[in-house]
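Visitor: All chains, please: the whole structure from these sequences, using the hints.
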Amino acid sequence: MSTVNSKIKQLLKKLPSTPGIYFFYNSQKQIIYIGKATNLHTRVKSYFQAKKTDRPIETMISKINNIKFLQTDSVLEAIILEAQQIKKLQPIYNVLGKDNKSWIYIVITNHQYPRVETIREHELNQLSEITKKKVYNKIFGPFPNLRTKDTIRILQKLFSISFCHPDQKKACFYRQLNQCLGVCTNEISDKDYKSKVINPLIQFLSGKKSSVIQKLKKQMFQTSKAENFEEAGRIRNQINNLKHIQDVTLIDEKFFQSYRADSNQHLFKIEGYDISNLGSTGKVGSLVVFDQSGPIKSEYKKFKIKTVSGQSDVDCLAEIFERRLKHQNWTLPDYFLVDGGKPQLNKIKKILISKNIDIPIIGIAKGQERKKNEFHLTTRNQSILDFIKQNSKLLIQVRDEAHRFAISYQRKLRKIKK
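Residue numbering for the sequence shown follows the UniProt record's numbering, starting at 1 and increasing by one per position.
No lab work stands behind these hints, which were simulated from the structure alone.
Every value quoted in this text rests on a predicted model; they were computed, and no experiment measured them.
Every residue, glycine too, gets a C-beta built ideally from N, C-alpha and C.
Misleading hints may appear alongside valid ones.
[Stated by the list, open to error] Pairwise CB distance ranges (calculated):
1) 90 to 307: 33 to 41 angstroms
2) 131 to 411: 32 to 40 angstroms
3) 366 to 58: 31 to 39 angstroms
4) 137 to 327: 28 to 36 angstroms
5) 137 to 244: 27 to 35 angstroms
6) 315 to 131: 40 to 48 angstroms
Guide: Spelled out as structure tokens, the structure:
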């Protein structure tokens, strides 16, 4: 913190320990980045606790001249607000770091009983405007690196969203838990479903939670007055849930803090690679992505090996690196990690040098039965050695996840062939 100017130090002291979004301004009073946080104070402060490196994020940090924030009642609302503000303001560092395969939209369809789904931005962009209007009633986003399953599950709990089909006769799993209003068993009409579920959800995703709660309070009063106490109780519970949204899984702050405990740590992004090789016709590669908050599964990639006729893992790895680096719109990481030792690292180093890319490569040798983990480097820079020492468990997790993802892809392909 010693290199941080006095103005920024004072601004950091004013940040609350609550969920919300933050805005970084440059000296020209332009917003250059918008982010979300479970804990605004911890999250924003972490940017300035990092050891100075030549990583890309340092360029942005060096330009920060002012910080502003907006508090929210929950992380989910921070995610919604962040998406709205990024879409509206288009800050330069949000746009530069954008990979359209990692940006997600929440969509509401035009079915009789509207469905709530997610779609990646590059998939949505392939649809014509006419098709979008025909298929979707509402489109919300984009949301960067959205933890899709967790988000939809929370929304389902808050609004009793139905994932079942009308007239399926048998009560769905959520109906048995009283978390579905009975679309599956014809207990609710499409008109009532839209009124009780879809319309409040649309308002919530539009950032109007207080309006949703006020309308629900009126409905609770009316149903209670009509002595429909079961429905009044359901609405009361929904109001309480909206006031106290339990959404910590959307930004895993404990994971974040565990890797930020040392003040010398900095924000980082890692790409992990592995090859799964079962014979000359069964070769595949995987790319997994982690940052200080954990895996970013929306950025995972898988590759069928196309140019290697033998069973050389080194050549297979070289192929997927060459293919990955052709995608200039894929944001480069701070570190490359490969499953292997010096042969793999030397091969990848040559590829990076040929493309004038200066990013550290870390290798982890499997060792006997994966019980021994030996780290290998292309350069023994002290900052990289410190990074490995501080993050060895995370790096092993990245290696293992790359291995798992490659194996699962290979198994999937083998099933298709059968």
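Visitor: Would you mind marking each hint as holding or not holding in the structure?
Guide: The hints, checked one at a time:
Look at residue 90 against residue 307: about 39 angstroms separates their beta carbons, and that is inside 33 to 41 angstroms. Between residue 131 and residue 411 the Cβ separation comes to about 34 angstroms, which falls inside the hinted range of 32 to 40 angstroms. Separation of residue 366 from residue 58 is about 34 angstroms and conforms to the stated range, judged on CB atoms against 31 to 39 angstroms. Evaluation of the 28 to 36 angstroms hint for residue 137 and residue 327 yields a pass: the beta carbon distance comes to about 33 angstroms.
The hinted window of 27 to 35 angstroms between residue 137 and residue 244 holds, with their beta carbons roughly 29 angstroms apart. Judged by the Cβ atoms, the range 40 to 48 angstroms given for residue 315 and residue 131 holds: they are separated by roughly 42 angstroms.
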